[in-house]
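Single-letter residue listing:
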Amino acid sequence: MQRQRDPRIYQIATLAALVAYGASRLDLEIQLAAATVTIATALATQFLCTKLFSLPRFDPRSALISSLSLCLLLRTGSMSLVVGTTAIAIASKFFLRIDGRHVFNPTNFGLVAVMASVGGIWVSPGQWGTGAFFAFLLAGIGGLVIHRASRSDVTYAFIGFYAALVVGRTLWLGDPLAIPLYHLQNGAFLLFAFFMISDPKTTPDSRAGRILFALMVALGAGFVHFVLFESNGFLWSLVFFAPITPLINRLLPGERYQWCHRSAMPLSQRSYA
Amino acid sequence: MKRSMTLLGISLVLATCWSSPTVRAFCGFYVAKADAKLFNQASQVVLVRHDDKTVITMANDFQGDPTEFAVVIPVPTFIERRQVHVTNKALIDHLDTFTAPRLVEYFDQDPCMRHILMERAMPSAAQAPGVAGRRSRAKALGVSIEASYTVGEYDIVILSAEQSDGLTTWLTDNGYRIPPGASRVLASYIRQNVRFFVAKVNLEEQSRLGFSYLRPIQVAFESPKFMLPIRLGTLNANGPQDLLVYALTQNGRVETTNYRTVKLPSGMDLPVFVKQEFGDFYKAMFTEQVRKENMRSVFLEYAWDMSWCDPCAADPLSTTELRELGVFWLDGGRARAVKRGAQNTFVTRLHVRYDGEHFPEDLVFQETADRTNFQGRYVLRHAYEGEVRCEYGRTYQQELATRHEREAQSLAAITGWDIQDIRRKMDFGENAPAPGSWWERLWKKN
Chain P
19 MQRQRDPRIY QIATLAALVA YGASRLDLEI QLAAATVTIA TALATQFLCT KLFSLPRFDP
79 RSALISSLSL CLLLRTGSMS LVVGTTAIAI ASKFFLRIDG RHVFNPTNFG LVAVMASVGG
139 IWVSPGQWGT GAFFAFLLAG IGGLVIHRAS RSDVTYAFIG FYAALVVGRT LWLGDPLAIP
199 LYHLQNGAFL LFAFFMISDP KTTPDSRAGR ILFALMVALG AGFVHFVLFE SNGFLWSLVF
259 FAPITPLINR LLPGERYQWC HRSAMPLSQR SYA
Chain V
3 MKRSMTLLGI SLVLATCWSS PTVRAFCGFY VAKADAKLFN QASQVVLVRH DDKTVITMAN
63 DFQGDPTEFA VVIPVPTFIE RRQVHVTNKA LIDHLDTFTA PRLVEYFDQD PCMRHILMER
123 AMPSAAQAPG VAGRRSRAKA LGVSIEASYT VGEYDIVILS AEQSDGLTTW LTDNGYRIPP
183 GASRVLASYI RQNVRFFVAK VNLEEQSRLG FSYLRPIQVA FESPKFMLPI RLGTLNANGP
243 QDLLVYALTQ NGRVETTNYR TVKLPSGMDL PVFVKQEFGD FYKAMFTEQV RKENMRSVFL
303 EYAWDMSWCD PCAADPLSTT ELRELGVFWL DGGRARAVKR GAQNTFVTRL HVRYDGEHFP
363 EDLVFQETAD RTNFQGRYVL RHAYEGEVRC EYGRTYQQEL ATRHEREAQS LAAITGWDIQ
423 DIRRKMDFGE NAPAPGSWWE RLWKKN
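Chains as they are written, first to last, in the working numbering: chain P, 19 to 291; chain V, 3 to 448.
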């Protein structure tokens, strides 16, 4: 078997490029200080938890991915909330575990936990706009990342189900198709589909399980958007359905995902990455 | 999760209307005469929002025959008589002036003397900134008249409908001229279970009350929807329309969640002649920014705590005024005691130029926790024109040309105005800025 390169390196590079693009071209107001604090907090939390759980080696890759995602999504006027949200995100990987692996996508959990408890932070889903170029960039680079993570089915299934949902709703309402196309071009939607729901560590192991999971998250997001009239339905929906993943794995078992080739990482460390 | 759902569960719906002769702007009732307003076809809406409670005030600048005036507004819930109020237009004018982009002037002192600042804020020229019979007929059309009442100078009917065709027929029968394509949009709203708030002028009441203009209508309701329906208003509009939304909230800035919200350029030094042309400048700058964003963004013009301002384009609104606008969380008892400095209210001014092509769906908002102050503020620095008698003074004079050129470049960049025209208007005599590069002079427009 040919040795596979760690897809997280590509993911880190892609997210870093998106942070740079967002800050320079889209006025996302990603402040250098906040970005630095986010990354530093993520690495520090990862390091402390590595020590606390007596893991053999500090691995910054997963923490970097989470912190770059937070740079893209987390907005707040308080530096202490930047620290708090990031620390909760990373720590959730170590403390919220079922069947020996973490339950939530760290970025997703950190954002929702703080929004739901103390507030003071927000996510701006509209700020990505619908620029065709940007959508293309995200889809293209994201597709590359996903392909390398070899779990692209959950992303494509989610996009398919959500597209069917918004197009179906539009047809039922008799609205022009420009409206669902507009929704599907949104950068926040693509960011979620390619970089968050695709997290191979928190999605079901089997293909059938992942497709079922994608369906549930798409329906949940639609419920939040069109019934509760709340923003950020994707984030709420993913956090709501993530704890069901272990159950899906029991009903529809499959092979557990490893970031690297089996020989590349000690077993004790794999499940924390 | 529950709390955040509440926090994010901001919402509202409303509006989109038309006048009986033709549908014009957002709510149909804004018909600006040519050159009479800074932004033709602009509507003004004040949105007060906390939890699921919303108070919407729609400014009405209709100048024509009152019999020609009518609005049809999709509303998310049944609206009873006591939820409707008519208020004074001066309140919105005050809020408009308070939040308008502003000029700040500084006068350079003798560079050889101690530097003294003088600051003056200018308000922008900106903003310009027979029931029983009807019921049976309505029933036959699948239209239900849920309520009918008169508030101030307005006769108001709350309708629900089963079919858009029936609703269209009912509206046409009752003298409302419905634009082509309305039926499809109405059908979409009907499927979303909205009601329709229909208002027209009661001439007797208007005559009795003695108002020569139509006062803003206010509606208070509870709904998780925090949005502003703009789709009906785009159907029969002549080109893009402008909408100014003044959001009053407790926690912080309001932004759109389905369109980008972008800050207008602000804070730069501009040539002093802009003072005489501030209206033109603001219009040109807004148009240029809309162009740069491909007409797909909402612009933030002001975000500030209502209790203070710096510099102030107008006095902050008093607690009494804010309560009248619908800020229900301010204590009524204190309203009489506290004239100024209303606490706990954050104002966001959003300006959007839209049409059906670029804004296919209604505006959806969320309130953020962002309390960062932002204002459209432009600085004019008057050069010291007296005689200078020191070395530093001569350096100051030499640097003036560079400064003026920088101001000209800034103005050209944000308005799209021709740099040569700007330089000509600046007209500095001896301190004239460098005339640009040789190729600019080569093809200089005559």
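FYI, nobody ran anything at the bench for these hints, they're computed from the structure.
Take the hints with a grain of salt, since some may be wrong.
In the SDA-like style, the derived pairs of lysine to any residue whose C-alpha atoms are separated by at most 25 Å in a straight line are [stated by the list, open to error]:
#1 V:LYS55 with P:ALA41
#2 V:LYS55 with P:LEU270
#3 V:LYS265 with P:ALA51
#4 V:LYS55 with P:GLN49
#5 V:LYS294 with P:ALA41
#6 V:LYS141 with P:GLY137
#7 V:LYS277 with V:ILE180
#8 V:LYS294 with V:LEU266
#9 V:LYS55 with P:LEU50
#10 V:LYS427 with P:GLY192
#11 V:LYS265 with P:GLY192
#12 V:LYS265 with P:SER96
#13 V:LYS265 with P:ILE116
#14 V:LYS427 with V:GLU359
#15 V:LYS141 with V:ILE180
#16 V:LYS265 with P:TYR200
#17 V:LYS265 with P:ALA41
#18 V:LYS294 with V:GLU401
#19 V:LYS294 with V:TRP331
#20 V:LYS265 with P:ILE48
#21 V:LYS277 with V:LEU402
#22 V:LYS427 with V:GLN111
#23 V:LYS294 with P:ALA196
#24 V:LYS294 with P:GLY40
#25 V:LYS294 with P:GLN49
Measure nothing beyond the straight line between the CA atoms of V:LYS265 and P:ALA41; if it is 25 Å or shorter, mark the hint as holding.
holds (14 Å)
Does V:TRP331 lie within 25 Å of V:LYS294 when you go C-alpha to C-alpha?
violated (39 Å)
Would you mind confirming whether the straight-line C-alpha gap from V:LYS265 to P:ILE116 stays at or under 25 Å?
Not satisfied, since the Cα-Cα distance of roughly 45 Å exceeds 25 Å.
Straight-line Cα separation of V:LYS427 and V:GLN111 no greater than 25 Å?
holds (23 Å)
So if I understand the rule, the pair passes when the alpha-carbon distance is 25 Å or less; does V:LYS294 with V:LEU266 pass?
Since the Cα atoms of V:LYS294 and V:LEU266 sit roughly 11 Å apart, the hinted pair holds (cutoff 25 Å).
Does V:ILE180 sit within 25 Å of V:LYS141, going by the straight-line distance between their CA atoms?
Between V:LYS141 and V:ILE180 the Cα gap is close to 20 Å, so the pair holds against 25 Å.
Straight-line alpha-carbon gap V:LYS294 to V:GLU401, limit 25 Å
violated (32 Å)
Is the straight-line distance between the alpha-carbon of V:LYS265 and that of P:ILE48 25 Å or less?
OK: V:LYS265 and P:ILE48 at ~14 Å, within 25 Å.
Sort out whether P:SER96 lies within 25 Å of V:LYS265, counting only the CA atoms.
holds (20 Å)
Given the hinted pair V:LYS265 and P:TYR200, is their Cα-Cα distance within 25 Å?
Given that 25 Å is the threshold and the Cα spacing comes to 22 Å, the pair holds.
Distance restraint between V:LYS55 and P:ALA41, which requires alpha-carbon spacing of 25 Å or less:
Measuring from Cα to Cα gives roughly 35 Å; hence the hint is violated.
What's the verdict on V:LYS55 and P:LEU50, does the C-alpha distance respect the 25 Å limit or exceed it?
violated (37 Å)
Hints 1, 2, 4, 6, 7, 9, 10, 11, 13, 14, 18 and 19 from the list above are not met by this structure, while the remaining hints are.
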